[in-house]
Amino acid sequence: MNDKISSEIYENLEPLGIKFGEPDENDREFSAKFHFDGNYGFYHISDEKCEFLILKGIFKDNVRLLKGKVGIQPKKMSKIADRLSNIEKNLDFAPLVNFFIDDDIYISNISRDLYSERGGKQKFDPRKIPAGLSEVEFSLQHSDFAREKNLYFKGMLSELFPETLSPLSRSILNELPDILNPIFVHAGFKTYSPSVKLIAGKLYTNLSNLQLAFNTMETGDDFLKMNFAPSLYMKNPKNKFKNLNLDLLDIKIDEIETYSRELRDSIQSVSFENLYNGTLSEHLALFAMLGQMIFFRLSSIFIKILKRVKNVQRAAELIYKTRNSNLFEKLSGRSIPKYLDAFAPYAEFPPGLGYGKKSIEEMTAGMGFLKKAFHGENLSQTIKAAHRFLDKRDELIMTAIDYFKAVDKVLRIAGNELVDKRQIAKPEQLYWLELNEIKNIKKGDYYGNIPFSLYFKRVQHERYKAQFCPNLIYEKDINRIPDIFNGLISKYNNIEISCRTLNPVKEKTFVYNGEDIPDSGGLAVFSRISIADIPKLKDTDLIICDYAPLFSLLFEYACITDKSLYTGLNGSEVFLRGKKVTLSEDRLIIGKSD
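Read in order, the letters of the sequence shown are residues 1 to 594 in the working numbering.
These are computed hints drawn from the structure, not numbers from a lab.
Among these hints, one or two may not hold up.
[To be verified] Below, in silico cross-link-like pairs of lysine-lysine (DSSO-like), each with a Cα-Cα straight-line distance of 30 Å or less:
hint, residue 1, residue 2
1, K252, K307
2, K330, K242
3, K442, K476
4, K128, K536
5, K538, K476
6, K240, K307
[As the list claims (entries may be wrong)] Across the chosen pairs, the derived CB separations fall in these ranges:
hint, residue 1, residue 2, range
7, N486, L96, 52 to 58 Å
8, P451, S498, 37 to 43 Å
9, Y447, L96, 32 to 38 Å
10, K536, K128, 25 to 31 Å
11, K442, D24, 49 to 55 Å
12, L248, L176, 20 to 26 Å
13, N416, D144, 34 to 40 Å
14, G278, G514, 40 to 46 Å
15, R412, E496, 47 to 53 Å
16, E496, K442, 52 to 58 Å
Backbone N, C-alpha and C define an ideal beta-carbon position, used for all residues, glycine too.
Kindly generate the complete structure, drawing on both the sequences and the hints.
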């Protein structure tokens, strides 16, 4: 037995076929960490000649070279992955392992990883691993029967859902690929499938499907792109939009009221059985339909106001700065989840985001006598209509939060029951499983290996988190995501980008080093932000992000607090990291830092 390894560890691992020894002078001794920069989806292996990663849970196309040359035969590489996997599954701490290769793989030392012991947090940089998934895993992201020309986007519900969903949330959404289509099918519209899809655990919406709907409603897709694909919109920006022909959808106000009440009442009936008997799917479909109804109504109203004032920022200020109340006030002091996802922590929403409300009369005072006489009363009524539907949006979000909390409570009870039966070790392990798996385990009909399923889903989720996926992607290009990522890394050097803006700055230059949202002053750079985190922007002057649709809470907050907002990048916090950035009106110029 190696003296560096305790007898307890030796006795635990030796029966698994793991061999121990001391390397000779000529043996290459490798060091293995069980995470890479804090991401536990990889084994990080290095010696003086090379540095590489092994994808956990995968045994083909599973090596990613970071530097040097590996020089290890494929069979030996498979053995390394197998040995490290066995060690990880059979120790109750995160280790650091030294090993060498002879006729077999020999472990020369095992110690505790102090990074993990101290709960270390590093800002993971996905640029180091363009392909965190195997080729087979990328191929599995394709949807059956989907058009190759389907174009998907990520930003529709970025304030409500995390970048990478939990395995439990993914299993629920995977059963609802056409959740956004019933409202169009009912009106006789042609649709494309799927309406939503998951790529590496990330929620995408079918932009081609929505473009088809907007064109059917005789408005074109410019307004749609301005909201959800600003990088496309800014190639040919327009401030004039045709209004939506909502008569084709036949959206009735009393239907919106009825659906709102039905969803609010449904919270009382949430039970574990209703999660898998079709009731949850029905409620989620109703949430989706109601959200679409409100969005189309708000879009129609915004376009009408824009036609009168001829300026997007002016139209937004007329709507948002004149509201009597908003969701920030309604959530004040409430405990809410960061995202509507099983893994999301809860936080108390702070009171008083501090801004001055204005009357419609104040906001329209500078219109001029003739213009105000011609547009004034109609404009005032249209603004009030926008307020009514924004109230409905806020009500829907609050209902969604309360519905999620009810589901979360049911799942926590189920998790405790499985712990009591010794089927899982901790209640939160439930969230690593799929809904059908949980149902079958509770019924005693699950014949798989629960520890193996938990391990595989955990490490795959970590790799999903590590995988950068672009904001816009065609179905046919999903397998090419690593190549697209490498192309973007090259693109975001010495480039000028036109952004959709609020309160653009005349001139400002800074270097972004990957900082989180600052506690006071300065700027914030992020790809997405949750509703729960928006209050952190209180003392921030400048925001750069990937997406902020016109009816998002982020856009509303930036508008009422007069913050500078730049949107339309593709991976802001990834590609701006370490770069010198210059803002000039609506342009963002990226250069190398000195």
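Okay, the hints, checked on the actual structure:
Of the supplied pair hints, the one linking K252 and K307 holds, its CA atoms being roughly 24 Å apart against a limit of 30 Å. Between K330 and K242 the alpha-carbon distance is near 34 Å, which puts this suggested pair outside the 30 Å criterion. Annotation: proposed proximity of K442 to K476 is violated, straight-line Cα distance about 39 Å (limit 30 Å). For the proposed pair K128 and K536, the alpha carbon gap of about 29 Å is at most 30 Å, so the pair holds.
Simply put, K538 and K476 have alpha-carbon atoms about 41 Å apart, too far for the 30 Å limit, and the pair is violated. As the CA atoms of K240 and K307 are separated by approximately 7 Å, the hinted pair is consistent with the 30 Å bound. Against the hinted window of 52 to 58 Å, the Cβ-Cβ separation of N486 and L96 comes to about 31 Å, which falls outside the hint. For P451 and S498, the Cβ-Cβ distance of about 51 Å falls outside the hinted range of 37 to 43 Å, so the restraint is violated.
Checked against the given bound of 32 to 38 Å, the beta carbons of Y447 and L96, roughly 36 Å apart, stay inside it. For K536 paired with K128, a C-beta distance near 27 Å keeps the hint of 25 to 31 Å intact. With their beta carbons about 54 Å apart, K442 and D24 fall inside the hinted range of 49 to 55 Å. Look at L248 against L176: about 24 Å separates their beta carbons, and that is inside 20 to 26 Å.
Restraint check, N416 to D144: a C-beta distance of roughly 37 Å satisfies the suggested window 34 to 40 Å. The beta-carbon spacing between G278 and G514, approximately 45 Å, falls within the hinted interval of 40 to 46 Å. Between R412 and E496 the CB atoms are about 50 Å apart, so this pair conforms to the stated range of 47 to 53 Å. One distance hint, 52 to 58 Å for the beta-carbon pair E496 and K442, holds here, with the actual separation near 56 Å.
The structure is inconsistent with the numbered hints 2, 3, 5, 7, 8, although it conforms to all the rest.
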